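Chemist: Here is what each chain is made of, one letter per residue.
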Amino acid sequence: MGLDQIYTQVITENSRSTEHKHPIDCPTHSHEGVNPSCGDDIKLELKVEDGIIKDAAFVGDGCAISQASTSIMIDLILGRNVDDAKRLASKFIGMIKGEVTDDEDLEELEDAQAFKDISHMPARVKCAVLSWHTLEKALNDALDQVQ
Amino acid sequence: MSNSIKDQFPVFRQNADEKPIVYLDSAATSQRPESVIKAVDDFYYKHNANPHRGSYQLGIEATEAYENARLKVASFINAKDPSCVIFTRNTTESMNLIAYSYGMNFIKEGDRVVITILEHHSNMIPWQQVCRAKGAKLDYIYADKGGIISDEEIEAKITDGVKLVAATHVSNVLGIKTPIEKIIKRAHEVGAVAAVDAAQSSPHIKLDVEALDADFLAFSGHKLYSPLGVGVLWGKRELLDKMPPFLTGGDMIDSVREQDATWAELPNKFEAGTQNAGGAVGLAAAIDWIESVGFDKIEAVEREIYDYAWAKLKEVPHLTVYGSDKGEHYGAIAFNVDDVHPHDVATILDADGVCIRSGHHCAQPLMGHIGTSSCCRASFAVYNTKEDVDALCASLLKVRKWLGFED
Ligand SMILES: [Zn+2]
Chain A
985 MGLDQIYTQV
995 ITENSRSTEH
1005 KHPIDCPTHS
1015 HEGVNPSCGD
1025 DIKLELKVED
1035 GIIKDAAFVG
1045 DGCAISQAST
1055 SIMIDLILGR
1065 NVDDAKRLAS
1075 KFIGMIKGEV
1085 TDDEDLEELE
1095 DAQAFKDISH
1105 MPARVKCAVL
1115 SWHTLEKALN
1125 DALDQVQ
Chain B
2 MSNSIKDQFP
12 VFRQNADEKP
22 IVYLDSAATS
32 QRPESVIKAV
42 DDFYYKHNAN
52 PHRGSYQLGI
62 EATEAYENAR
72 LKVASFINAK
82 DPSCVIFTRN
92 TTESMNLIAY
102 SYGMNFIKEG
112 DRVVITILEH
122 HSNMIPWQQV
132 CRAKGAKLDY
142 IYADKGGIIS
152 DEEIEAKITD
162 GVKLVAATHV
172 SNVLGIKTPI
182 EKIIKRAHEV
192 GAVAAVDAAQ
202 SSPHIKLDVE
212 ALDADFLAFS
222 GHKLYSPLGV
232 GVLWGKRELL
242 DKMPPFLTGG
252 DMIDSVREQD
262 ATWAELPNKF
272 EAGTQNAGGA
282 VGLAAAIDWI
292 ESVGFDKIEA
302 VEREIYDYAW
312 AKLKEVPHLT
322 VYGSDKGEHY
332 GAIAFNVDDV
342 HPHDVATILD
352 ADGVCIRSGH
362 HCAQPLMGHI
372 GTSSCCRASF
382 AVYNTKEDVD
392 ALCASLLKVR
402 KWLGFED
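In order, the protein sequence lines correspond to chains A and B.
Going by the numbering used here, the first sequence opens with residue 985, and the numbers climb by one from there.
Going by the numbering used here, the second sequence opens with residue 2, and the numbers climb by one from there.
Next comes chain B alone, as it looks inside the complex:
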């Protein structure tokens, strides 16, 4: 069955008749629709110059394209003030910006920082670094084995003395949505700042920084149908204003003397050096594409695929599916084939054109928490179909036989 959404992604056209690509690794990076690839092409063909520098026509066009992308991102996440939208390379860089610029300057000895056990290393290691450097304590909100975080746990961990809470919106391993609204509310009750890692939610859930009332929110363009190398950090103005720059150099200064300098206004203060304008243009085009499909449709299509995959995978013999039947899930399903290492599973599936991720998924503490050292992960985007799920399950049935097991 052809799928009009999948048809818009050129990568799926290769070998479509002989050996179609069954791409189930969108939580690592999504594919890009033709409109995004064309928009990036168009930028480099017609409008490329160094944004914010040239006082000539091309430079003005490049600046305009870059700043229009910022406006688009702001409206996409319902940020009232576009100058609080900062372009980065990816979520990891956004998180490091918060950690080094906010954390290193406003977290003090004896303070506590709280994250969840579901975090990707990119929202974990920066906080380990801050806590070690500042003599602060890093505490974890634990989930049960299914990935569910209880209200009691939130209340027990986010208490007086906590200065910053950083939590993922959706787990990159289990696909479960965290009670982020409650976490943010509780953080504010104790006077802590709340940072949200939206890398895994941004392709699936309509983001609204106003409604969430987060203080910081980060996501990557490349998981959101955009080119590699562009990400976003949004923050509340009162915080961003008082933070020192993360990187220093060109483009982020107001004036420079021999011994010191003054910083540019937001957002330029946090955008040192020549920026990835082509990436930003691609991100803007991806947002246009997402809005042309609409989040209602995205959520409906993905809900159907996810539920179908969850049920089908549970029927595959010798398969352990991690996570809970309860809770809201988006994107990722984690599993293991009995007695077979995930890396072998991925190799065997690859022979059938089925692309999944294997390993610890940059979430080693979570792996330990759910009782394994590594696992397989299938993850879905709006272009996936039930046929993709069927191909995954058919291929999984072969895995143990290749390893010499009877069934």
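Pulled out of the complex, with its shape left as it was, chain A reads as follows:
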């Protein structure tokens, strides 16, 4: 596959965006995700109140794919309830695995659809899914604490 399918404007711009790249005040939950193979390392922080993701941000560094994916994910999950965010996470991961392919079904992923073609790049799949796996882990920790 061509580089123009990976380094799209959506991805390169989001990879450099600093909008969501900062610590947040009093996070209720956080989780660190690492891709040892390429050195992507993000710490995702969430503030969940009444089941709603009120605030989310991250710190860390890594490749353009991982950074853009994290930034776009945060755009998408802010203000959503936890179950909704988890549903989106499994949809995104399904898309990258090539299991969810229907464009209409994927529409709600908005800008995160830009990573669809990464499913053809085994070396970069981990970069795209890092933030979403990290989100799942952070939210599961959240549930553990509620129960």
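The reader is advised that the hints may include incorrect statements.
Said to hold, decoys possible - No more than 27 Å apart at the CA atoms, straight line, and that leaves these computed lysine-lysine pairs for DSS-like:
#1 Lys1005/A <-> Lys402/B
#2 Lys1075/A <-> Lys1100/A
#3 Lys1070/A <-> Lys1027/A
#4 Lys178/B <-> Lys298/B
#5 Lys1100/A <-> Lys399/B
#6 Lys402/B <-> Lys1100/A
Stated by the list, open to error - Listed next, with one range per pair, are the computed distances between beta-carbon atoms:
#7 Pro1106/A <-> Gly372/B: 28 to 36 Å
#8 Ala134/B <-> Pro1106/A: 36 to 44 Å
#9 Asp1059/A <-> Asp340/B: 20 to 28 Å
Derived from the structure by calculation, the hints contain no laboratory data.
Here the structure is a predicted model, which means the values were calculated and not measured.
Virtual Cβ for every residue (Gly too), placed ideally from N, Cα, C.
Given the coordinates of chain A, work out where chain B with the ligand should sit on it, guided by the hints.
Modeler: Using the frame of chain A, we list chain B with the ligand on its own:
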């Protein structure tokens, strides 16, 4: 321009006209010449049996091929006693053998072990394990940001109380040769044992364990034009003799009773289980190939490519090249493209058929020491050409544009 050395490597023949492979990752693993691939084939086609077992013709041939490979390795590194050449899977296993068999038994509480900041994790983590298990202290010889180790640093760190020094011959990241001769000499002055990681030097520098006066030396076949899965540990007999086996089981025993066993003589004591005879045969063929080219030519060709690459990379805008202009370098050059993560650089270069490594190169403490968390690495072998370097530089010029930067 065709290169008669490159022509001997079948992997480069594919797509040679449309999109040639620009292979700049030989520090990770080299390619293999046709003669090596054929020698391995020949072994499996005609002589395969379990070495040291069968008392029939094929078994005898397999044993002979395996033991001849040992003789070849011994002469390649100028080891006078071939039974001190032990086949392993790779440098990592060789280092673990030293750590678990020598370190765990002869390093005591309060002793010190010294390594350098340039080490690959394979010559670092085994020593962390030994030191933690034994209550010993692990000290580092630091290099400056360019990778240069000073005489003062060697003298300051290798002092009384140090029982073992393990150091790389050539850095797998910066390509710089360490002052290994001085490190070994100093180790011996304080009564310490000296182990050399020659994984990155063996393809580039003629090894001579006698001249180095090392106590242990390890390298991998696969970085030396050989098949994957065969490595070497050489050690001084007086040390190997007093060390217990690393792995136990078949082939490494003298006799076995219900409750105990006695060990075979060297080298079998350290070669438990069925050995990779095909790999050893490939390594022998690789040594033949290297000797047919000759280290004089290898060094000359590689020196020219390295110097050319160093100068060319320094001209590429927005590129940080790590390491120093001073010092002797072999194989690897480390760099970063400003504002672009190494993994993206590697992906973009790959689109042009340029193969480089990105990441922390199994040397995370060194990464921190030179002030980055990861970097790109281009590494060279005798089959590389100036055209390969030109292709690398041309591709590097495109990297920032793909990431949306103006220049
Ligand atoms: Zn990545």
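Chemist: Next, verify each hint and record whether it holds.
Modeler: Quick rundown of the hints versus the structure:
1. For the suggested pair Lys1005/A and Lys402/B, the alpha carbons sit about 23 Å apart, so the restraint of at most 27 Å is met.
2. With a C-alpha separation of about 11 Å, the suggested pairing of Lys1075/A with Lys1100/A holds against the 27 Å cut-off.
3. Under the criterion of a C-alpha separation no larger than 27 Å, the hint pairing Lys1070/A with Lys1027/A is consistent with the structure, at around 18 Å.
4. Note on Lys178/B and Lys298/B: the hinted pairing holds, with a Cα-Cα distance of about 19 Å set against a maximum of 27 Å.
5. The straight-line distance between the Cα atoms of Lys1100/A and Lys399/B is roughly 24 Å, inside the 27 Å bound, and the hint therefore holds.
6. Proposed proximity of Lys402/B and Lys1100/A is supported: the alpha carbons are some 22 Å apart, at most 27 Å.
7. Between Pro1106/A and Gly372/B the CB atoms are about 31 Å apart, so this pair conforms to the stated range of 28 to 36 Å.
8. Checking the proposed 36 to 44 Å range against Ala134/B and Pro1106/A shows it holds: the Cβ atoms sit about 38 Å from each other.
9. The given range of 20 to 28 Å is respected by Asp1059/A and Asp340/B, whose C-beta atoms sit roughly 22 Å from each other.
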